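Colleague: Each chain, letter by letter, is given below.
There are 4 protein chains.
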Amino acid sequence: MIIVLKPDAPPEAARELLARIEEKGLTPLHMPGSERVVLGALGDERVLAELRLESNPYVESVKPILAPYKLVSRELRPEDSVVRIGRVGIGGEAFAVLAGPDAIEDEASLQETAQAVKSAGASVLRGGAFRSRISPYAFEGLGAEGLDILARTGRATGMPVVTEALSEVQLEEVVAKADAVVIGARNMNNFPLLKAAAESGAAILLKRGLSATVEELLLAAEYLLHEGNDRVVLVERGVRTFETNAPAMLDLTAVPFIKRRSHLPVLVDPSNGTGRRELVAPMALAAAACGADGVLIDVHPTPPSARAGGAQALDHEAFRRLMRSLVPVVQAVGRSLA
Amino acid sequence: MIIVLKPDAPPEAARELLARIEEKGLTPLHMPGSERVVLGALGDERVLAELRLESNPYVESVKPILAPYKLVSRELRPEDSVVRIGRVGIGGEAFAVLAGPDAIEDEASLQETAQAVKSAGASVLRGGAFRSRISPYAFEGLGAEGLDILARTGRATGMPVVTEALSEVQLEEVVAKADAVVIGARNMNNFPLLKAAAESGAAILLKRGLSATVEELLLAAEYLLHEGNDRVVLVERGVRTFETNAPAMLDLTAVPFIKRRSHLPVLVDPSNGTGRRELVAPMALAAAACGADGVLIDVHPTPPSARAGGAQALDHEAFRRLMRSLVPVVQAVGRSLA
Amino acid sequence: MIIVLKPDAPPEAARELLARIEEKGLTPLHMPGSERVVLGALGDERVLAELRLESNPYVESVKPILAPYKLVSRELRPEDSVVRIGRVGIGGEAFAVLAGPDAIEDEASLQETAQAVKSAGASVLRGGAFRSRISPYAFEGLGAEGLDILARTGRATGMPVVTEALSEVQLEEVVAKADAVVIGARNMNNFPLLKAAAESGAAILLKRGLSATVEELLLAAEYLLHEGNDRVVLVERGVRTFETNAPAMLDLTAVPFIKRRSHLPVLVDPSNGTGRRELVAPMALAAAACGADGVLIDVHPTPPSARAGGAQALDHEAFRRLMRSLVPVVQAVGRSLA
Amino acid sequence: MIIVLKPDAPPEAARELLARIEEKGLTPLHMPGSERVVLGALGDERVLAELRLESNPYVESVKPILAPYKLVSRELRPEDSVVRIGRVGIGGEAFAVLAGPDAIEDEASLQETAQAVKSAGASVLRGGAFRSRISPYAFEGLGAEGLDILARTGRATGMPVVTEALSEVQLEEVVAKADAVVIGARNMNNFPLLKAAAESGAAILLKRGLSATVEELLLAAEYLLHEGNDRVVLVERGVRTFETNAPAMLDLTAVPFIKRRSHLPVLVDPSNGTGRRELVAPMALAAAACGADGVLIDVHPTPPSARAGGAQALDHEAFRRLMRSLVPVVQAVGRSLA
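Chains as they are written, first to last, in the numbering used here: chain V, 1 to 338; chain P, 1 to 338; chain X, 1 to 338; chain E, 1 to 338.
Since the hints were derived computationally from the structure, they do not count as laboratory data.
Predicted model, so just to flag it, every value in this text is computed and none were measured.
Ideal Cβ placement from N, Cα and C applies to all residues, glycine included.
There could be a bad hint or two in this list.
[As the list claims (entries may be wrong)] Estimated spans, in silico, between C-beta atoms of each pair:
1) P/E35 with V/T302: 22 to 32 Å
2) X/Q115 with E/R84: 20 to 30 Å
3) X/P64 with E/R87: 41 to 51 Å
4) E/R152 with X/K70: 37 to 47 Å
5) X/E278 with P/S61: 53 to 63 Å
6) P/L76 with V/G92: 49 to 59 Å
7) V/E22 with X/E278: 30 to 40 Å
[Stated by the list, open to error] Dumping the calculated DSBU-like pairs for lysine-lysine here, alpha-carbon to alpha-carbon at most 35 Å:
8) V/K177 with V/K118
9) X/K177 with E/K195
10) E/K195 with V/K70
11) P/K63 with X/K177
12) E/K118 with V/K63
13) X/K24 with X/K6
14) P/K6 with V/K118
15) X/K63 with P/K63
16) E/K118 with E/K24
17) X/K70 with X/K6
18) V/K195 with P/K177
19) V/K6 with E/K63
20) P/K6 with X/K177
21) E/K118 with E/K195
22) P/K63 with X/K24
23) V/K195 with P/K195
24) E/K6 with V/K63
25) P/K195 with P/K24
26) E/K177 with E/K195
27) P/K63 with X/K6
28) P/K6 with X/K24
29) P/K63 with P/K177
30) X/K6 with P/K24
31) P/K24 with P/K118
32) V/K6 with E/K195
33) P/K195 with P/K118
34) V/K195 with V/K177
35) V/K63 with V/K6
[What the hints assert, rightly or not] Stretches of chain V that chain X covers, calculated by requiring three or more beta carbons in the stretch to come under 8 Å of a beta carbon on chain X:
36) 175-185
37) 209-215
38) 322-329
Work the whole structure out from these sequences, hints included.
Modeller: See below:
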């Protein structure tokens, strides 16, 4: 860690800080320059959080040398992690397609979609039982009943299932019945929920927050690993910017950026990540091309009558077309469908 | 609501939509133009959510005419709402100063700060017991013990107290011991938590999410009122943008924008809203000048040794200076301290 | 165009507006609702700009029905435009690779790079003579001398050349010696420069501004076509957001979004669009996968000694590797190299 | 400057960099840590730009210690600069109000507005002759004729006048007839235009770009001072964010942030900075409260018939009301009208 002192910092301020750095077991460094005095602290700088350097009135800026995360980093674990969701491995050589409706509406409709996406090449069934929303007037999902429908449909079609939990209570129910739990974008920093998810031992799909940096996504994952659960899959699902042509801007650069720095698998959600049906297929292909380990796709039998997410859902035929165009791209980058 | 059809929409698509609009009890309108057919639906368009117009393959765009919120709007209730936190009214003519530490550390220190801010003119004591954070390595607060310290200090100094709850379980504890509960920026759309807060009947300080639009803040408040609790105070606390000179960009335009459209009181948090000590006082003055109903200020006896928020906390002397410069501005806009 | 009146608008305000809409040759519509009066204007609404509806004190909001651009739209010209840069066509079935250094440094080095990129499959040579920059202390380019080097190197290698002009004076020089002129991100709304570029008749690579919406990019292109030059290629080159892991966030969703709405070709610049060497190749592949008509790639013989852009430049070997991985993706989407 | 090497950097890489740092006349430092080797370079690090450290394949990150600007900084010149526009000083104790129409339309109307704003307390007349715009269908201003009208009206009313130039040619005309030239937000990084403005010796109002950081604004100003013209006034005029309730988000935190770091005066433009009439007055008051040296206000005799900017313009009566509420706030912070 590098600590730049203010021009008016007295020599004692530097001496005191150096002493405290040494107390913490790090190697202190004193670099008096012509315009500023700079201090250094070499070693595991995460212990310096307790020194509250930013609060010191003589400190102008603090520049970390190491990434703020450790357990999720490739430096610690160079090889790709593979996270199993039921019998499907996410990460490694295979490219996984997780598909299903934004909101589960009824058993017949979900079964129809499950069969359709399975036969087209999807390996995991997704569907919302508990729904996050921004308006009290939007559909909140079927809840526990939806979860049961999802679990039964998964068994009937032989597909592992994943779904979101919004609270600690819901999480318990989800973990009991699904093969992986989704922590949604709006809950990426909901630490009570993260803690419960970590303690459950379940596989976790952790979605990037709408205004979260990639580093913050990695820090949220770090928390999960730190609490003892390394079955974590990261999901890029679009961020919020000034652009108004779509509800979110899918940040595909996050994929190669994370793959360099972390051993965790990375999925892309081009459906929520763009919010517009016409953009889903091209962005799914782009995700495959830039190194994602899979995609999450909203599929609904008849999107115009969907109770939620209809603007971004593909119907069964559009999903089959997407899969036909996706496979050659997956192969072009040397991978194959999970 | 205005519905623009795609150029290739057949006449039956328009006819079918018009029939469905009429079924919902709204007045349908047909406007065939030279380049597009436009449909209208006049009446309470919130019921049209069920028509899922955005999902219709023949619909190019949907333009609402009315705001998506109703209960929080000035159209429904033209006069300013005043929300009581203990004996202090937030909203109306008075300007309220809520002050205290980001994180409660121990009873002696909190009492010292409480006395200092009270004698300088603050009317409500704030302090964090359960802390939201983005890194597993940051301080998570004293929890229930901190809450007890806060409650005792409030009684001892005769100040109402407010503090944040991060989960439904914490919310119950907070509501039992504090005069108002804070829903933090990261939980603005945590609907299970909002529901519990609404049902508690407690006064709620609802903070704007880091990437929430003002309309989304008003929708989250709408949810609270819709669930039966109108003791809601909105808090502008900075948003996330491309600018890196501070952790957040305080959006003061939100204040007059909301005051025009909603009867709810609006506070400004220039401490979390800028994250930099040097910006707190000027932004507090600006908040008062543009019509805010009060400010939340981080105060700590010795910021360099604060366990959290030290970079933005004012010490007791700096808080007194702030209050001395704030009072003339509050008076210049025709108000007085609560 | 839909005009929503304020709740307190008197009937005469509506009558007056309807009369003015009719005067302009549009069909006026009157839709009195329970909460708001809504007016409509059907026809070519672009002429309504003169009515300054947003300024009317009784108007709450104005909602256009048609896109604000026309000449660049697919509705006007459904088939893909192909813009010739020398003998290379941009747009249509072929995928073009434009490669070369951010800043031209000397003739030997540029020739070396030109040979290297040509033999690896690039079809157009790019290189900066006049450089845009944000600090007075950064390299401003070789200027006219660089332009001459570029022109000679293009002739020597048989490659068309493109380079940026920052002012009307530079534009004249560039048009005289290069096969296409680049209008950089910082000049997307520099109308005097756009006007000069349009009048020159040269092929134009128009880059999206750092905080420009896609609609604004299309409007800037509309201006060029409106001034009589339809040899316009759009370039997505990253936008500015809250994310700090790279200097820009490449917005690939812009590619399919534009391809749907406009007949103009779209290139992607993953070098400037990410600013980080490690992200260039994955994003180039993603660009090809989602439908771009080509890519612009920074290439330099020895990036560590580049006078500008070194952090994002590929060396010759890395560029060859990129081309080897790019070709299968280009083929997977049914295209081939230009 | 601090240089963090990658984990795989060989010892020679460090040695070579240290040698080059020493060659440049800076003091090199070697700090081998357990996880990374860190190098330091103490002295005027601006000369290190030539080392292109970011491009070095063994360099992980480069962290500057000093601000990238120097001439504009308070460290170099601690006292406030005052820039004279005609007989009016901008900066120092006085608070200046610059008012007038977005676009000059005709002489009678401008004279009427000039008289109105002068008698209400404005000291400088502003008005657009050459207009920046984003659509080819928007009004481009009266050009040279508008400039003549502005100059005559300034003389007739005894007010100094300021107006924008969009190109080098326009700049010459503006400098000849106006008391200060405005460099608009879209031209903040138009270096040919900045160079011409610097060389003219005229007073310059430099507006912050829509997506420019405060540091970039200071760097653009640095360029002007570096070219020999220190008559520079900075203008905060709103930035582009995800928020859609107004065309721009006024960033008032920029004011105290800049005042701390730079000796240059800072104005705020709440008209363009919000784009909504209802927000202009509250934000003007807030600007005064947080330390701005003045404001720029759009004023038009009849905003609903304004050819441009009507949505944000105040009419004469609204401007008088604004001035009446502004004066007490200006006095509350210990200043008086210029």
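Colleague: Which hints, by number, does the structure contradict?
Modeller: 2, 5, 10, 11, 12, 16, 20, 29, 31 and 36
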